[in-house]
Structure formats: C-alpha cells, structure tokens
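Q: Using the hints provided, position chain B relative to the given structure of chain A.
Quick note, the sequences are listed as chains A and B, same order. First residue of the first sequence? That's 1 in my numbering, and the numbers climb one at a time after it. First residue of the second sequence? That's 1 in my numbering, and the numbers climb one at a time after it.
Hints listed in this document are in silico derivations from the structure and should not be mistaken for laboratory results. We put the beta carbon where it would ideally sit given N, CA and C, even for glycine. Treat the hints with care, as some may be off.
As a list, the in silico BS3-like pairs of lysine-lysine whose alpha-carbon atoms are at most 30 angstroms apart [what the hints assert, rightly or not]:
{"hint": "1", "chain 1": "A", "residue 1": "K167", "chain 2": "B", "residue 2": "K106"}
{"hint": "2", "chain 1": "B", "residue 1": "K367", "chain 2": "A", "residue 2": "K28"}
{"hint": "3", "chain 1": "B", "residue 1": "K106", "chain 2": "B", "residue 2": "K35"}
{"hint": "4", "chain 1": "A", "residue 1": "K167", "chain 2": "B", "residue 2": "K295"}
{"hint": "5", "chain 1": "A", "residue 1": "K438", "chain 2": "A", "residue 2": "K301"}
{"hint": "6", "chain 1": "B", "residue 1": "K106", "chain 2": "B", "residue 2": "K162"}
{"hint": "7", "chain 1": "A", "residue 1": "K301", "chain 2": "A", "residue 2": "K442"}
{"hint": "8", "chain 1": "A", "residue 1": "K167", "chain 2": "A", "residue 2": "K301"}
{"hint": "9", "chain 1": "B", "residue 1": "K295", "chain 2": "B", "residue 2": "K195"}
Some but not every residue of chain A turned toward chain B, in silico, with C-beta under 7 angstroms [said to hold, decoys possible]:
{"hint": "10", "residue": "G73"}
{"hint": "11", "residue": "V140"}
{"hint": "12", "residue": "G144"}
{"hint": "13", "residue": "G154"}
{"hint": "14", "residue": "T174"}
{"hint": "15", "residue": "V177"}
{"hint": "16", "residue": "Y185"}
{"hint": "17", "residue": "F415"}
{"hint": "18", "residue": "V417"}
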Amino acid sequence: MNLSDHLLTVITFLPTLGALILLVVGGKGQDNLARWIALAVTLVTAALSLVLWAGFDQTNTGFQFVENYSWIGDSIGYRMGVDGISVLFIPLTAVLMPAVILSSWGSVHTRVREYLIVFLILETFMIGAFATLDLALFYVFFEGTLIPMFLIIGIWGGARRIQATYKFFFYSFTGTVLMLLAIMYMFWQAGTLDIQKLLQFKFAPEVQTWLWIGFFASFAVKMPMWPFHRWLPEAHVEAPTGGSVILAAILLKMGGYGFIRFSLSMFPDASQQFSGFVFVLSVAAIILTSLVALVQTDIKKLIAYSSVAHMGFVTMGIFSGNVYGIHGAIFQMISHGIVSAALFLCVGVVYDRMHTRDVDAYGGLVSPMPRYAFAFMVFTMANVGLPGTSGFVGEFLTMFGAFQANTWVAFFAAFGVILSAAYALWLYRRVIFGAFTKESLKGILDLDAREMVVLVPLIILTILFGFYPAPILDATAASVNLVAENFAQAIGSASAAVASAH
Amino acid sequence: MTSDVTSFAALAPAYPELLLASGTLVLLLGALFIKRERTQLIAGLGLLLLLGVLGLVLFGGGEGQAFNGSFISDGFSRYMKALVVAASGVTLLMSFSTARENSLDKFEYAVLVLLATLGMMIMVSSNDLITVYIGLELQSLALYVVAAMKRDDARATEAGMKYFVLGALSSGMLLYGASLVYGFTGTTQLDLIVKAIALDSRSIGLVFGVVFLLAGIAFKISAVPFHMWTPDVYEGAPTSVTAFFAAAPKVAAMALLIRIVTVSFGNITHDWQQIIVFLSIASMGLAAFAAIGQKNLKRLMAYSSIGHVGFALVGLSAGTEVGVEGVAIYMAIYVTMTVGIFACILALRTEAGPVETIAELAGLAQKRPFIAAIMAILMFSLIGLPPLAGFFAKWEVFLAAMQANLFGLAVFGVLASAVSAYYYLRVIKTMYFDEPVTSYVAVPYELTAIIAVVGFLIVTYFVTVGAPLTNAAHLAAGSLF
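With the rest of the complex left out, here is chain A (with noise of 0.2 angstroms):
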C-alpha cells in the first residue's frame, strides 16, 4: 500500500485516531499529557496535508489524490479526491488545528480530554468534507460538525451557550436537511453520487431551481449570508477562543466551498438565474453587518460581524460567474482564514488574562503589552485589507469580477472596504492605543512564548500572501478556470471569451 495512493483517508482519519487514544489515555490530572498527544496528532495531520499541497499538481484540472470505492448499497459510495477548488482547504484546516490546541493551554481546564477529543473528531470532518467526491459523504461530513460544534459551544462556552448552540444548531440543521432532499433527487435523476460523474451531468434548467434553493438553504446558512446570519454572532460571542477560530476559519468556508463546487459548477442556468438575488444579498451582507459592527461594545462580536461582511465578498465573487470572481473568491476565504482566526486568537489571549470581551475594559494596550500590539496590528489591517496583507488581494479579485458581472455590486461592495477601516481601526485605537489608566489592566503580561508559536506564523502567512499570493492562486487557477469556462459555456453568454482570454 503506497501512502499516496490513500493521502487523502490518512490525513482525513489521522485525527479521528488521535481522538481513540485519547479515548483510552489521558484522563484525569493527565490534562497537559492529553494536550501533547493531541498536538502532536494535528502536527503530523498539519504536515501531511503540506505535503498533499506539495504533491498536488497544478497544471491538472481534473480530481488527483483520487480513491473511489462502492460502499453501502448502490448509492453510497467512499471517494475522495481533490482539485484546485479544494486543495487548499485542507492544509488550511490541517494548520489551524495545532494553532487552537496550543490556545486550549491557557484557557480551557475543564473536561480537558473531552475538549480535544471533539476537535480531533471535527476536524476530520471538516477536512473530510473538503476531501470526498461523494455527495452523501459530503452531507455526513458536512452534517456531522453539528455534533462536535453543539458540544463545544454548550460545554466550553460562555454565559449565555445553551441560547447560542441551540441557535447555531437549529439554522445550521433546518437548511441542510433541505439539501439532503436535493442530493437525494440528484441521485435518482443522475443515478449517482459520484461528484466526478455529476459534474457531467446537466440537469433540466427548471429541476436546478429546486436543487438550487435546496442548497443554497444549507450553504446560506453555513455562510453565513445576510439574513441567514443570526446565530453567528451569538454563537462566536459564546463559544470558547477554540470553537470561535474553528467556526471563523474553517465551517464557514464550507459554505463558500459547496457554493462553487456543488450551486455554481452543477446548476450553472440556475446560478445565473438568481446571481441578482445573491448579489443584492452579498451587498446588504457587506454593508449592512459593517454598520452594525461598527456599533459593537463586544470585540468577539465585531469580528463575527466582520466576518459576515467578508462573506459577502465571497459570495459576490462566487456568483460573478468568471474567473477573477471565484479565483478572488477562493483567495477570500483562505486568507479570512487565517485572519479571523488570528483575530480570534487575539481576543483570545486579553480574554484569558481579563475574562472580559468588553471594549471598554481595554484601553492603552500598547504600553504594557507591545508585541500583542504588533500582531493585532497585522491582522487589523489585514481584515481592513490594506495592500501588502492577504486581505487586500482578495478583496481586489473578487471586486474586479463582481465589476464584469454588474457594476452597480461593485460600486457598493466598495462601501464595505471603507465601513471595514471605519470599524476595525476604530476597534484598534479603543482596545490598544489611549491612555493605559484601567485600574484593572494593571499587571497585564504581554504575549508568552506559547502565544508566540501561535501568532508568530499566521503573521508571516498574512504578510506573505499579500505580497507573493502565487502558491494560493497558482494551485487554483486551473481548476477556476476550468469551473468558470463550464459556466459560461453552460449560461453561453460572452464572458466565454473573457474566460478563455486569461
């Protein structure tokens, strides 16, 4: 058995073996042995899906890394495989994972085993939802982060968690279920379940409308698109720093992920057909939640509004339909990526030295605490999307695609860069700069050594990808433009030739 031949299923279930050890050891008063052991079972995972991104081929517009198995019945099957659209969301998970067992050092110490098991058996969700080709897999993948996520909003959270799992849970469940009936009507009308095969195939025009709604239900939900955003503040507020990066980085590109892969690759007339509708909601979603951000006394809630605003970058792009719109698309959601977990993790740390999110209580952070400055720094800046930060780069795309598609969403997606400086910036001068008076800031320690291993490296990969983001764009690009020539080939419209002109 040849490790490359089955990449994919060892860095999918890696961590789900790691979460059977710790089944077995590291039970009480073993907590910092429970930790090693899981940080040691997410660096190995981290380092195979580096390996999975340097084995990828970038010229191949097809699926590589590909298994394919029948397994229950005649439905069911067990793919897995990847293209550029996926790839490179799992070292994207894969890298972020050692990044949130480190934060549990400081402020998880209940139910610590617990803890880690839930984010091993999630994280081989999530990665397996990016890694499957086959469409009921993908449901289970994608369904099942609903389980470990519950638990780790209603155990670890805040004061307010049995309100914000119960929320997160009933918009996430009620919109996927919708989208199970899609996949299930999929299989009888294409007689499989097999993603490679039902990229082929061309449903009827009116059958897309349905299957569309259906899964837009789940991806708009998952998103998360404004209205459908509701429970992610609450649920960002109160879950702990871990759950919230997880949340922030990873399960909400799920979203942006089927949207490309599944909406816009399968049911192509009935992308175009509602782009409109997507477009005025992408707008809202930028405009509307930055206001509302700017209004936030709670930094975790600002960044979660933030992020809802960056979504909406994410699904204009997407449904600009061309290649500058999904390529930004893609950048988007992986450099927000790395930010909003970067910025989670920030909050994170005052978080574990005050127990408060309260802006007001921050003030003057500068002094004592130089270092958090810096980083938090970056990753303002790099939310904001200022040139030289990944940010920027994504942004830009994803505007210059939404610009060919419908100049109007253009022109007010740019509100949102500005609204964006207006509401992190003016959360960086209240919770860093000003006069460093609180009385109960006194004493505040700045960014230890663990921090530093955490932060230090999303720094470098903000800065990097704003200045070179050719690793990102290049693994992708063939696969784009793949998908956004199939797309105008199938609506037939004249950015066929803006498509292939690239």
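A: Showing chain B alone in chain A's frame:
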C-alpha cells in the same frame, strides 16, 4: 382440503416457530417443578431458546409456504424475524437486574415474553388473514398480561388495562376489515387476494376493508391518530417491559403492514398510499410537537417512537421495493437505538430508585461519562445526524420517497425531524451542560455490555454493519416484489 403436512420435512418453513412453541411449553411445564426462588433459571433458559431460534432463522434455510399457503417463510420474513427474536432476547436480558422490584421474578414473565415472540413471528410469516389474526392475538394477549404484571402497582395496572381495551378495539377493527376484504375478494390468503383484485376492478367495499385493516395495524405500530395508548403504557409499565414493548412488537407489526400492503394490495397502491402518507405526516408532526413538553423520559421515548414510526412510514409510502428496503433498514436501526436508550434508562438509578425524569439526568456526563456519552450518541442518532446510524436510516426512507416523487411528504418529514431535534437535544443539554445534582448507583454488567455494543454499532455503522445490513435488507425487500 387435504393437508399439505405430509412429513416433518414439509414443515421446514415453520421450524423456528415449532422450536419456539415446543420449547416454551416445555419451559412452562418444567417451571412448575422448580422452586420459586429459582425462576431466573427459566428466564435464562428462555434466552437460550431464543438464541437457538435466532440461529435457526438465520441459518436454517427452509423457505417456502406451509399449512396450505397460510404460512410463508421468505427472505423478508427471515430478516424481520431475526430482528424480532434478537430484540426480544436482548430486552429479556435487560429485565434481569430489575426483575425483583418490578415483580417480574415469576417464571410466567419469561414464558409470556416467549409466547409474545412466537405470536410476532407468526405475524411476520403469515400469508393469510386468519394466520395474521392468530399471530396478532397471541402476541397481544401475552403483552396485555406482561404490561399489568406488576399487579400491586396502580400505574402498571392502568397501563395494562388501557392497553387491553384499546388493543381489543384495534383487533376488532382489524377483524372487521379482514372480513370485508374476504367478502369482496372471496379469499383470505394474502397472495390470492391480489389476484382476485386483478381479476375484477377494486370495489369500494374492498377499499373500506383496507382502511379498517390498516387502522387495526396502525394501532399496533402506534401511528397517529391511533397512538393514544402509547405514552400511558410506556410510562406506566416497568421500564424493562416498556423496552420490550418498544422494540420487537413494533417490528412485527411493521412487517405485517408491509406484507399486507405490498403483497395483497400491490396493485391498488394508490388507494392505500394516501392512508400511509397521512399516518406518516400525522405521526411525524404530532410527535415533533407533543414531545417537547414531556418531562418523563419514558413518555418522551413514547412520543419519539411515534415520530419514528412516522419516518419509517415515509419509506413505505413510496410503495416501492426501495421503500420497503428503506423501512427494513430503518426498523433494524431504530430497534437498536431503542434498546440502547432503554438500557441506559434502566442502568441509571439513584439511591431513591430508578431515574424517570429528564431533570434527574443533570450533569450525568460528569458522574457517569460512559453512559452519558452513549446516550448522547443515541440521541444524536435519533435526530438523524451523520455519521451515526440514525442518519442512514432516514437516508434510506427519504431516498425512497424522493424516488416516488413524494416531495411534500419528504419536505414535511425533514422539517419535522428538525423540530424533533429540539427534545432530543434537551436530554443532551441536561446531561452535558448542566451541573450534577444526584449520584447514581452501580450499573449491572449485562446492561453495560448492551450499552457498549449498541453504542459501537451506532457509531461505526458506516464502517461495520452498514453494507451487510443494506444487502440483507435489499434481499428481504426483493422477496416481496
């Protein structure tokens, strides 16, 4: 009519039933000669007997008809019988630890359970309306007594009484329906009815017969609007008896329903389909909302079982082979989950007695992490969350509904499952998010074993039993079409 029982070998299709019947009678007689304190022995032997019957069902072969076509053994009946016998055996085992306090430490209990199981096997294998009735009554009469076995307990007596009165009513309706069907087709044998219908077009009298027949069976599977007895009986009967009621009889009645509608009325699908769709929607809808307010765990499980019958009927609504396959898988998974849940409920006892309310589960995750984890897994599985077995159960039945273009039913079903998630999550919330209030006493080892096995099966369904179970259900469904 001459009998087709010419030799012992001609009875091969009915070997499992014959073994169970004779074995049970031997146990009944033998029990009279042993001391009252040693009745556990009878239960143990009964368990062995069920094990033997299960082996015979699985590996005995012997398919075909017997008793002039009134009894049939085919792939479907063997699949369902294996479920019934296994469920009866496991629930009998579960009653051991609490037998004394529930006054179940009498030899009659085990014998009655065996007789009920025999009735269920006959129901599953019946190929004639008269055999149907014999099986059903044998089962029901045994169950009425079992429900009221704890004689000096008011709740148990009430449960037995309610069960008896409503059960008798349903039997009456079933008989009335059967006589109408006989009157309008001229035969009681299931596979001849379908031919008689094919000869002359169906009459309105026949449809009346079908309605009454289905109403009678709907009582037995506790589908809305024939569900009223379920919460009271579940709550009133001792927990180990409730576990028995919730598992095997449901499977047997569902198997009977499937056989009657697909074999006898396979060519008037459109007529009974509406009834099944209605039962399904009503069951899913009522259970989703009625369970929300329940405080008692057993009542909660009663409403949950009503809802799950509704989901299983989604598959039958399709009226296709895929649908029957879906129901077969659904029942197997549902029975496993039910047995697991009741094993957990039985295993949880405080100093004051058995745990009955949800509130008493507070903080269970910290006191009894193992049971809490399995119970949470079972609850997630009942919701239908992947990758647990409950998801694949729902997958199969909704897949059939989508194939049959029953979109309205499917959308209603998944939304009902979203609503029903609320009350399952409440149990998890109580166990995991709340702080402990009580402490629990030690768990008998056989219950721990059952809980562990069920948990293992439900979690690893996709990897371990999923593929073989699906194949078995596929063969079972194929034998009906």
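Q: All the hints need checking, so say for each whether the structure fits it.
A: Quick rundown of the hints versus the structure:
1. Simply put, K167 (chain A) and K106 (chain B) have alpha-carbon atoms about 50 angstroms apart, too far for the 30 angstroms limit, and the pair is violated.
2. Distance hint between K367 (chain B) and K28 (chain A) is fulfilled; the C-alpha atoms sit about 13 angstroms from each other, no more than 30 angstroms.
3. For the hint linking K106 (chain B) to K35 (chain B), the alpha-carbon distance of about 11 angstroms falls within 30 angstroms, and the restraint holds.
4. The suggested pairing of K167 (chain A) with K295 (chain B) holds, with an alpha-carbon distance near 22 angstroms, which does not exceed 30 angstroms.
5. A distance of roughly 22 angstroms separates the Cα atoms of K438 (chain A) and K301 (chain A); the hinted pair therefore holds under the 30 angstroms criterion.
6. A C-alpha spacing of about 23 angstroms is found between K106 (chain B) and K162 (chain B), which places the hinted pair at or below 30 angstroms, so the restraint holds.
7. Note on K301 (chain A) and K442 (chain A): the hinted pairing holds, with a Cα-Cα distance of about 25 angstroms set against a maximum of 30 angstroms.
8. As the CA atoms of K167 (chain A) and K301 (chain A) are separated by approximately 16 angstroms, the hinted pair is consistent with the 30 angstroms bound.
9. A hinted pair counts as satisfied when its Cα atoms are at most 30 angstroms apart, and K295 (chain B) with K195 (chain B) does not qualify at roughly 50 angstroms.
10. Annotation: interface hint on G73 (chain A) holds; nearest CB of chain B at approximately 4 angstroms, less than 7 angstroms.
11. Annotation: V140 (chain A) was flagged as interfacial toward chain B, and the flag holds, the nearest CB pair being 4 angstroms apart, inside 7 angstroms.
12. Look at G144 (chain A): its Cβ gets to within about 5 angstroms of chain B, closer than 7 angstroms, so that hint holds up.
13. Checking G154 (chain A) against chain B: minimum C-beta separation of about 5 angstroms stays under 7 angstroms; hint holds.
14. Hint status for T174 (chain A) relative to chain B: holds, with the closest Cβ pair at about 5 angstroms, below 7 angstroms.
15. Satisfaction of the interface hint for V177 (chain A) is found here, the shortest Cβ-Cβ separation to chain B being roughly 4 angstroms, below the 7 angstroms cut-off.
16. The criterion of a C-beta within 7 angstroms of any C-beta in chain B is met by Y185 (chain A), whose closest approach is roughly 5 angstroms, and the hint holds.
17. Among the interface hints, the one on F415 (chain A) is violated; its C-beta lies about 36 angstroms from the nearest C-beta in chain B, farther than the 7 angstroms criterion.
18. Nearest Cβ of chain B to the Cβ of V417 (chain A): about 37 angstroms, over the 7 angstroms cut. The hint is violated.
Hints 1, 9, 17 and 18 from the list above are not met by this structure, while the remaining hints are.
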